[in-house]
Every structure is written in structure tokens, then in C-alpha cells.
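Colleague: Each chain is listed here by its residues.
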Amino acid sequence: MTDQKLIDYIHQCREFKISDEDIVRNLLSVGWSHNLIDSAFAEISLKFAAAKEILIAINNLSKEYELSKNIKTPALKNINLDIYKGEFLSITGHSGSGKTTLLNLIGLIDFPTSGEILVNNENIHKFKEKEKVEYRLKFAGFIFQFFNLLDNYTALENIIFQLRLQGYGRRKSKEKAKEILKFLGLETKANSYPKELSGGEQQRAAVGRALAKDSFLILADEPAAHLDSKNTQNLISLLREVNVKFKKTIILVTHELNYAKQADRTVELKDGAILEILQNSSPHI
Amino acid sequence: MNRFFILISFALRDASKNRTILVLVIISLSVAFSAVFLSASILEGFKQTLENGATDWLGHLIIRPADDKLNIENIDMVTDELKKIDNIESFSVRSSAVLGIKYKNELTHPYAAIGIDLEKEQSASKISDRVIEGKFIQPSKPEDLIFGLTLADALVGLDYDKKRIDLGEEVEITAMNGARGAYKVGGIIDAKSFLPNWLLIFPKEEIEKIDDSQKNSEIIVKLKDAAKLDETKKLIEEKNLNINIATWRAESGYIDDIMSAVSFITVLIKRLLIVSVFVIMSVIIFINVFQKRRQIGIVKSMGASNKFVITVYIVETFIYSVLSYAMGFLIFLLIHQYSVNNPISLLIGDFYTAYNINTVWVSLIALFGAAVGGSFIPAYIAAKTKIVDVIRGNV
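One line per chain: the protein sequences are A and B, in this order.
Going by numbering that gives the first Met the number 0, 30 is the number at position 31 of the first sequence; the sequence numbering is gapless.
Going by numbering that gives the first Met the number 0, 131 is the number at position 132 of the second sequence; the sequence numbering is gapless.
Treat the hints with caution; some may be incorrect.
To spell it out: a stretch of chain B is covered by chain A in this simulated footprint if at least three of its residues, at any positions, have a beta carbon under 8 Å from a beta carbon of chain A; those stretches are [said to hold, decoys possible]: (1) 7-21; (2) 202-208.
Quick list of simulated restraints, FRET-style, between CB atoms [unchecked claim]: (3) B:262 to A:65: 49 to 59 Å; (4) A:198 to B:22: 27 to 37 Å; (5) B:361 to A:68: 19 to 29 Å; (6) B:257 to A:169: 15 to 25 Å; (7) B:22 to A:195: 16 to 26 Å; (8) B:392 to A:77: 20 to 30 Å.
Over the 12 Å line for every Cβ pair with chain A, so calculated as not near, a few chain B residues [said to hold, decoys possible]: (9) 89; (10) 106; (11) 139; (12) 168; (13) 216; (14) 256.
Simulated from the structure, these hints should not be mistaken for lab results.
Where is the CB? At the ideal position from N, CA and C, for every residue including glycine.
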């Protein structure tokens with residue numbers, strides 16, 4: 000049985016925007032055991048899942064790639080999954096398991112062979128072109144494996160550009176972009192171009208750009224693939240912080256299970272099908 | 000408005016960050032632009048040279064006797080009425096004759112001759128400015144005649160072999176009525192026009208002394224505003240003076256023939272250049288967008304629409320065009336200035352390039368249309384870049 004005091008403490012800490020990493024550290028320092036902390040986080044996650052409303056409903060989703068005429072290869076097979084508002088979900092699996100394909104379908108940058116993805120009870124793949132653009136602009140933010148920042152723009156300008164696309168004025172975008180960079184610890188690199196930034200800094204700038212969107216959802220496709228372990232952990236912690244502080248739903252695609260398990264839930268794919276959905280007890284630091 | 004500024008800033012950034020492409024585009028387009036202006040100005044220059052050749056000799060309107068008469072019988076009434084018309088700057092009454100020339104004991108076949116009133120002619124035509132040897136008609140020397148260049152050449156042999164009758168040489172003139180007179184070669188003119196170069200020019204009183212059958216045979220009229228040519232012609236006609244009035248263009252039908260030939264060639268060149276601008280722009284933007292497909296995919300993943308991407312490249316083309324147009328126009332102005340300062344002497348007159356503001360506007364619209372049109376297809380292809388290809392690193 001989980002100690003209610005522990006659960007209340009975690010809630011209070013989160014309200015004060017203390018990261019889960021720091022909460023765990025604090026609890027361990029005052030003598031709480033790993034087991035109790037894990038079960039408290041697990042219970043919070045379960046309640047969270049039960050209380051939260053469904054943001055994205057994926058029903059019988061399949062995707063086949065046509066390699067050549069009459070030769071098709073299945074990438075996703077009959078996927079059914081609900082993603083909750085404010086959730087940090089990770090999708091993991093071996094190479095070719097279909098995790099990126101699933102993310103691309105959710106991000107509306109690829110199209111399913113059958114099935115549907117419902118957002119607010121609307122099948123996003125039936126959107127008209129204008130609605131698709133609106134979805135990418137206002138609903139889903141992307142963090143890519145190759146960072147994909149605009150080369151001709153500085154870190155600050157990359158974020159400003161995203162904000163201005165959404166209709167923010169020049170001054171307001173600049174202020175907001177500076178705030179985001181400050182949050183990311185990149186304020187000293189504001190005027191650096193992508194080629195002048197390290198891999199970790201580029202990826203943080205990419206997180207900043209996704210954060211600049213008024214979106215509910217951040218889709219991160221192997222964002223740490225080109226980072227060392229320290230930067231990877233920093234990035235995962237940053238995503239968690241974004242998830243808690245800005246109440247963004249995050250879907251993280253990663254093939255590394257130890258990072259995947261730091262999400263609230265982990266969906267493991269194998270050969271295009273869901274192998275299992277794990278409810279993670281607490282972030283593993 | 001916000002979207003417009005993003006478009007402009009994105010296009011400007013894109014254009015300025017690709018300096019090699021920017022320089023290549025501006026050089027190629029500005030050369031093409033200047034060539035378009037130049038071809039238009041060559042046509043305009045030819046037109047002006049031919050027009051000047053005709054109007055410098057004939058004025059803007061030519062009045063002749065009605066029916067088959069040889070004289071304007073009511074000359075005083077006609078000249079009085081002409082004086083009353085505001086748009087008429089000046090006019091000159093001429094007399095004509097057909098005369099035989101005896102030079103070095105050889106009698107030639109008859110040539111056309113005119114008699115002019117020096118003072119009035121100087122204000123109505125520029126024939127007196129065309130003297131290349133000797134002096135123009137001098138009231139103090141009525142026996143001195145002026146020969147058209149071709150006629151002066153023809154009297155001694157081949158045309159334009161640089162051998163012509165010398166100044167001061169004597170010629171005997173014989174009229175159709177048998178009257179004769181001895182005269183001297185006072186000057187030679189090169190009117191840069193076909194007809195006056197075959198003429199023999201007398202003082203008006205002098206030609207009438209020999210043969211007055213075609214006294215007051217024509218009046219040349221110079222207008223203040225040549226654009227009101229037809230209007231002024233109609234005004235004179237409405238006075239019912241029993242005269243024939245022709246415009247300089249109707250009198251110089253050959254100009255239209257030459258113009259249509261020159262026009263065909265220059266219009267063809269101009270159209271080819273416009274097509275080349277279209278192709279240049281297509282190729283450049285295509286290369287440009289081909290290199291930037293990754294960036295286009297990223298922008299689309301950020302929420303930019305296809306329309307946004309197309310507009311960015313059209314705006315970019317617009318920027319290239321504005322810069323190229325300015326530079327092309329500058330190149331053209333330098334060539335034009337050189338041409339004006341160093342006209343080419345042709346048989347039809349001194350040729351130099353000319354342009355009018357309408358030509359500039361028409362060229363501007365045509366070239367911008369070609370440039371923007373040329374960029375549309377590659378911009379459309381660019382807009383179709385798939386985000387998924389960018390994510391997979393396929394572009």
C-alpha cells in the first residue's frame with residue numbers, strides 16, 4: 000500500500016514545478032526507499048491515466064509500404080492505442096518495428112493504409128489540406144532525429160520563426176523565444192547558427208522550437224540518436240520537464256529501453272504490432 | 000500582414016544567404032533585361048531616325064493643290080488660315096520644277112527641283128542643317144544651287160564613290176519650257192533621306208524665274224505638338240480651302256515598310272529574350288529549391304502551407320527581378336548614353352538608341368511576368384516536398 004503522504008508530497012512538488020528527478024533525489028535523501036517511491040509514482044501514473052481525457056485515439060491502424068509493384072511490406076498491423084492529454088508516452092522497439100511510422104502517422108506526415116487516428120473525434124487523415132497545415136502548425140510539434148533546424152537562422156530566430164508562423168507579432172515572438180531559450184539554458188547561444196551549436200545544443204533548440212508551438216502534442220523521433228549518453232539523459236529530463244511544466248503531451252520514439260522507461264507509459268512494438276504497453280512506475284534516473 | 004512580413008523576411012534571408020546564386024541570377028537576368036530594353040530601344044531608335052529623316056524634310060503636314068492642279072492658287076488665303084491655328088509652329092511654301100542639268104557638256108535626264116524661301120524653310124524644316132560641303136542657299140548668291148548628295152554623286156559616275164561635282168563648278172539648267180540658266184554648285188546636302196538627296200534646291204524666286212508652272216506647289220507645316228497630327232489635319236480640312244493635306248507618314252510609305260521589317264526582328268528578339276528569362280528563372284529556382292528541399296520540408300513540418308512555400312519562392316524571384324531590373328536598366332542606360340553621344344551614321348540618318356517610358360513599363364511587366372511565371376513551376380514542385388522524406392533523410 001502506497002503511503003498517501005508520499006503521493007501528496009510528489010503532487011505538491013510537481014505543483015511547485017520541481018522536476019521528478021529532484022523529487023526522487025529529495026525523497027531518497029530523507030530516507031524513503033526506492034520501492035516506496037516507485038510505487039507512489041506508479042499509482043500517480045495510474046490515476047493520471049484514469050483521470051485524463053483521451054487526446055488521441057488510434058483504432059485498427061495499419062500501414063503498408065509498396066516496395067515495388069505487387070510487393071508490399073507491412074510496417075504497422077492493426078494498432079489500437081489511446082494517448083492521454085498531458086501524458087509522456089514512449090514508443091520503443093527494434094529497428095523496423097514501426098515506431099517511427101506510427102509517429103509519422105500521428106504527426107500527419109504519412110498516411111495509413113487502413114484504420115484511423117481520432118483527435119477530438121475527428122479522423123485526422125480525412126482532413127483537408129488547410130486543416131492538415133493547421134494541425135501541424137497548432138496541434139503537433141516535432142523534434143527530429145537530425146535536429147532539422149533552419150540553417151540560415153540562429154537558435155533564437157528558429158524559435159521566432161515558429162512563433163511568427165503562428166501569428167505572433169515581432170516583439171512578442173522575440174520575448175517568448177528568449178524565455179524559451181532561457182528555460183532551455185541556451186540564452187548564451189541565442190545568436191548562434193545551428194552549425195555553431197553542439198549536437199546537444201541543437202537538439203535543445205529543436206525542443207525549444209517544438210515548445211514554441213501552441214500545440215498540445217510534441218512528437219520526438221529518436222531525438223537522442225546523435226547524442227552521447229549525458230546529453231541524452233539531459234534531453235529526456237528536459238522533455239519530462241516540458242511535459243510537467245507546460246502540460247504538453249509527449250510521444251517519444253526511442254529504441255533504448257532505459258530511456259523509454261522514463262516516460263509514464265511505454266508502448267513496445269514488434270514487427271509492426273504492439274507487443275506490450277508498460278505502465279512505468281517512476282522515472283529511472 | 001504578419002504572414003506577409005514572414006514571407007518577405009524568409010525570402011530575403013534565403014536570397015541573401017545564397018550569394019553565389021544571387022550573383023549568378025542578377026548577372027544573367029540583368030544582361031537579359033538590358034538586352035530586352037536594348038532591342039526595344041533599337042526599334043525605337045530606328046523609328047525615330049526614319050521619322051526624323053522624313054519630318055526634317057517634310058515637316059508634319061504637307062499641303063498640295065487639290066485635284067491635278069500644279070499650284071495652290073489661293074496661297075494667301077491658305078497661309079492666312081494656317082497662321083490662325085495654334086498647333087502650327089511654322090510653315091514654308093515651296094515651288095517645284097522638273098529640270099535638266101547640263102554638266103561638263105553632258106545633258107542629263109530631268110531631275111526634280113524645289114525652290115525654297117530660306118528664312119521660312121529654316122523654321123519649318125531642317126534641310127538647311129544638312130549641308131556637308133559648301134554653304135546652303137544664300138540670298139546674296141542666287142546663282143548658287145544646292146545639290147542633293149545622291150544627285151551630286153550621280154552626275155560624275157557611281158553613287159557614293161566619293162567622287163562628286165565640286166563646289167563652284169558651273170552647271171546649265173534647262174526647264175521643260177525651254178528656259179535656260181547658268182548656275183554654280185554652292186553646296187551639297189546629305190538629308191539622310193532618299194528623296195531630298197536626289198533634289199536640286201534653288202532659292203524660291205530663282206526657280207520661279209526659270210519655270211513658274213509649279214509655283215507654290217506645296218506647303219510644309221511644322222507642328223508644335225506632333226501627337227496632335229490628325230487633329231490638326233482635320234482642323235485644316237474643315238476650313239474647306241480646296242487643298243490636299245497629307246501627313247508625313249502618308250508621304251513616306253517606305254518608312255512603314257522598313258519599320259515593319261525592323262520591328263519583326265526586334266520583336267522576335269525581345270520575345271526570345273523574354274522566353275529566355277522565363278527559362279533562366281525556372282532553372283535557377285529549380286536548382287535553388289532542389290538544394291533546399293530539406294529546408295522546405297522542415298518549414299512544412301513547422302506548419303507552413305504549400306501556398307507559403309510557393310509564395311516564398313515567388314517573392315524571392317521578385318527580389319531577384321527587382322535587383323536585376325535595376326541593374327539591367329543601369330547597363331542599358333550606359334549603352335544608351337554611349338549611343339546618343341556616338342550615333343552611328345547610316346544612309347537613313349544618324350542612328351542612336353531611343354526609349355520611351357511606355358517601352359520601359361511594357362518591358363517591366365513582360366519581364367516580371369516571365370520571371371514570376373518561370374519560378375512558379377519549380378516553386379510548386381518544391382511545395383510538394385514530403386516532410387516524411389526530410390525526416391527519413393532522403394533529401
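Colleague: Check the structure against each numbered hint from earlier and tell me which ones fail, lowest number first.
Modeller: 2, 5 and 6
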